[in-house]
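First to last, the protein sequences are chains P and V.
Numbered per the UniProt record's numbering, the first sequence finishes at 253, counting up by one with no gaps.
Numbered per the UniProt record's numbering, the second sequence finishes at 264, counting up by one with no gaps.
Hints were generated in silico from the structure; no laboratory data involved.
The structure presented is a predicted model; accordingly, all values stated were derived computationally and were not measured.
Check the hints yourself; a few may be wrong.
Said to hold, decoys possible - Only some residues are given here: those of chain P computed to face chain V with a beta carbon under 7 angstroms: (1) T85; (2) P88; (3) L102; (4) F130.
For each residue, glycine too, the CB sits at the ideal point set by N, CA and C.
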Amino acid sequence: MSAAPLIELSGVAKTYGSGTLALTGVDARIERGSFLSLVGPSGCGKSTLLRMIAGLIEPSSGSISWPATGNERPKDIGFVFQDATLMPWARVIDNVYLPLKLKGITRKDAEPRLRDALARVGLSDFAQSFPRELSGGMKMRVSIARALVTEPPVLLMDEPFAALDEFTREKLDDDLLDLWASQKWTVIFVTHSVYESVYLSERVLVMGARPGRILQDIAIEGPFPRHHDFRESADFIGQCAKVSAALREGANP
Amino acid sequence: MNESSRLLRILVPIAVGIAFLLIWEGSVRYFGIREFLLPAPSRITESLVDNFGSLMGSLWITLRITIAAFFLACVGGVGLAVLFSQSRAIEMALFPYAVILQVTPVIAIAPLILIWVGFDHTQLALLILAWIVAFFPILSNTTLGLLSADHNLRDLFRLYGATRWQILTELQLPSATPYMLAGMKISGGLALIGTVVAEFAAGSGTSTGLAWRIVEAGNRLDIPKMFAALLLLSLLGITIFFGLAWVEHTLLKRWHESAIKRER
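Okay, chain P solo, but in the shape it has when bound (with noise of 0.2 angstroms):
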């Protein structure tokens, strides 16, 4: 690997105020490009370690810096939280428009892009919705939409998909690696489900708690695009197992 990582991570930690150790000697590389998930027990930092990507926390000790992109970290990060966080006083549309809102885009402006985001995750019909209107997989959409309407070359996510049932979460995954697949962005995803770890990512991060370490760093092996299939594959319940023992290890030093 010749080209500078994205994101590199080097001896990050978080110490809270309490004096809870969130987070211990953390340290990792993000390629350009690659689909990343962090996948834990809850209280393993795997958030907070999101959140410090993202900017929104400073780490207590070490550093975390952008090699790819001379060092600073891209205005437009993506970021999709556990509930779709949606404005409730906008309709669908106006709440795709919020980024470019705040960068002081016009709306007039916006408009195409505002609709190709919008039909990117199949809500054209829905422009005009308020979001109390829609099913949760849709909200989830909605925000989706909203985290790529900038283009952004990093989208986070965090536990996107918890809430929804199984049917609707498969689904949007899939979805989810269509747009990656026609993006050059680099996704980082959150989740505590091992199957969705390994269905999506080319690389896991097996994370423990107390304190919030990376216990493994295991690369995924299985074709893109990928199939309804490869969740049935013998290759995929092993690599899964593979990635439980990991966790497991974690859970019983």
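Following the hints, complete the assembly by docking chain V onto the known chain P.
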């Protein structure tokens, strides 16, 4: 809610009201209750018609002060709340005084304000007193609303480099709207109460709002007129309440849980 049950919700209270008035009228006539103790509804209506001009003039005075006090309470309450949300220091410094203004009974401050403002500016004194009573619910509700904007949304705004002004106008104020409107619904009624209490305190005929008509009629033992003025005050209060409830419903019906009807 279907059509017939909605109709019932209107018809039942009206029927109760009519029955009550009939019993009232009947009892007064049957037992020969004297007018200065309890006038019959027919007698009150008569008095309302006889004194229509002066009562309407008084209604207008009370209404004007109430509306002005309510309007200033909205401006002051929301304005202060925004200021508080921008600076913890200002909130720390001023909030206790807002509470002091709120907990001190307005009737006790009224004489002071009347003296300070001067008896030749009674209307201004009434306005100040009504404002003191009315502004607090808007202030405290709006403050709460501004602080309860979704934390993840706030992070998202930060991530996209939003300015303080953008966070205030695009996130905090819309989030606070339901709280603000709830505060306004309380304040609308309080503005009327404040005006009436202040009119009582001012007394002496320098302000001739509805409360003064009640005092005056009481002194003359003109109880039917007293009831007529009271009736107008109640109607005014009801109108304010339902007017504000309508505004709240109109503004929130598309998105807020409180205004959404659920199918059952």
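Results for each hint:
1. T85: Result: holds, 4 angstroms to nearest chain V Cβ.
2. P88: Holds. Min distance 5 angstroms.
3. L102: holds, 5 angstroms
4. F130: holds, 5 angstroms
Checked against the numbered hints given earlier, this structure breaks none of them.
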